[in-house]
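S.K.: So the chains spell out like this:
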Amino acid sequence: MLENVLLGFATAVSPENLFYCFLGVFLGTFIGVLPGLGSLAAISMLLPISFYLEPTTALIRLAGIFYGGAYGGSISSILLNLPGTPSAAITALDGNPMAKQGRAGVALFITAIASFVGGMIGVVALMGFGPAIARLGLGFGPGGYFALVLLGLVAAVTVGGGSVVKGLSMTVLGLLLGTVGTDVTSGEFRYTFDFVEMRDGLSLVALCMGLFGIAEVIGSVHQAGARKITEKVTMRGMVPTRDDVRRSYGPVARGASIGGFLGALPGAGTVIAAFLAYATELRVARDKSRFGKGAVEGIAAPEAANNAAAQTAFIPTLTIGIPGSPTMSIMLGALMIHGISPGPLLVTDHPDVFWGLIASFWIGNVFLLVLNIPLIGIWVRVLQFPYKYIYPVVIALICIGVYSMRTSLFDVGFVVVFGALGYLFQRTGYSAAPLILGFVLGPMLEENLRRAMLMARGDPIRLVADPLTGSILSLSALLLVWAVFGAVRRLAHMRRLAERPSENPAENPAESPSGEA
Amino acid sequence: MKVMSLRLVVAVILALIGVVALVLALDYEMGSARRMGPGYFPVVLSAILILLSLGEIVASLLRPEARSIDWRPMIMILGAVTAFGVTLYLFGMIPAFFAVIGLAAQSERHFGWLPALVLAAVTSLGAYLLFSRFLGMTIPLVQFGP
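So the protein lines, in turn, are chains A and B.
Quick note: the first sequence, position 100, residue 100 per our numbering, numbers continuous.
For our numbering, add 517 to where a residue sits in the second sequence, where the first one is 1.
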């Protein structure tokens, strides 16, 4: 174990890797700061540039972008109340009031420290449990895998709240889009419309850029122009009072534990972690009235939680090959582009990749801290720059990024189609995250189902009779029933309240269409 | 004319996608539950999608929601991406940047053409340095005809 950790650090500390880690954190924060864009957009836009790097270096850079993007999202949500990601929306609940009271610096400082501590706790969990879960994963047959993937998909729909029907339609649409291209088993072309370009399937980056990038920009063009930052943020203004520090210990510890646990579950992700951490603080607080008006606990807990969750989300992604969020799907895609298939064998076959990545998480988090506290002035100035001069460039970067992935004009066309669909989905409360998950996990789901049914001789009863498969499948069924039941109860509740639809994404983070940090 | 519910429109789009997917998938070999052909999974999925969106259609007819679309940015930005593709194909990367930035900027009324030109010039220079010089990619910068 110690030997492996040392191997990891030896890989990550090479000057080249350090440079790319730094670059990743810097670029990620830059894109994350832009209103409406979070780490998913940052990763998708910068993915093509990583093709030219060594696999480990590329991953280290991507991990840097991932953290940077998440922190950048918090900056824009605290200062502008315009969160780039749903998990940052929870930070905005108390962060933005703090900024309005002239304590933006303190809010940003607490965010940085809480993220750092949460991230570190998450990495320790990843180091401790990752290899063990990988060994567990080795015992899974096709039936078990099928059930596990299905559980991840169902969890992504049900745990997030919002409409189950809408969530499931998005999942199924994603699964269908995942079948486009050559069928692995029979070699038949499905939904290719006789285009050679379609035989390899749709591009994940084009899908993400359309559904998240383009759709988010369309949605934020008018919103962002209307808001101005008036607060001044200086390094001196970032020093918290003794009272702030004292209040933060408990929330950070609780937030990190909640986040660390939830992040490891497939489909739960950082949004739920941040949300539950906030709810927990609200429950344990003696004076509940302070929340929503700039309580330090209200930033410390969700930030620690979503960063811990972001770390432990790598557990299912790396060790079983089942990503829990769209961002993880992109990471998984990046791994596969570099010829590494995540799964139980990754830890044993590519220890340098696995442990190098983990070491880079440490380094990336440290960079994030040393970069963002001194550079906060720059990020604030980026935010003060009129948005109307930024978004056209963002659109141009999305275009060239998607095109350069496969030098395919076809993919640019798909960005237009998915951009239009994504904007419509966003306006009507369909979340695109389950769609991306379905798209990525679809081929895995189908292949394992086919194999499992072959082994069960076409008898579904025999498939369910396997104790492992059966219990995971019944867990998915339970989740679904629980969610439908919850939806029915909520509907009755809403009728009583005479529903008022809310247009502000900060007010209903669970229904916000963008991905998660 | 009554304003159409956006929720209904999206549900109908999803249902149509499901129907098209189902019709196409019927051409692929179904196979059996034991030996699933390439058609099995898509047929099941598109059937589920149709059922789910039918549910949404009914729900949105019962409870219409007032949601609107911001037409100007939507048309301009989608048009900008389209223009990028077409211009890149015909004239190369640099003109494509001017096309996409010029059009995307028009999402904002009163943006003005001069700031858009400056933005496009700066972005082109940056992209040239990053993609052509630093990464050594071979995207034609300027060309005439495909």
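Everything labelled a hint here was simulated from the structure, so no lab data went into it.
Being a predicted model, the structure only gives us computed values, none of them experimental.
Among the clues, some could well be false.
Claimed, not checked - If you only want the chain B side, here are some residues facing chain A, beta carbon under 10 Å, derived:
1) Glu546
2) Leu569
3) Glu573
A virtual CB, placed ideally from N, CA and C, is assigned to each residue, including glycine.
S.K.: All hints, please: hold or fail.
M.R.: Taking the hints in turn, this is what the structure says about them:
For glutamate 546 of chain B, the suggested interface contact is upheld, since its CB lies about 7 Å from the closest CB of chain A, less than 10 Å. The beta carbon of leucine 569 of chain B comes within 4 Å of a beta carbon in chain A, closer than 10 Å, and the hint placing it at the interface holds. Hint status for glutamate 573 of chain B relative to chain A: holds, with the closest Cβ pair at about 6 Å, below 10 Å.
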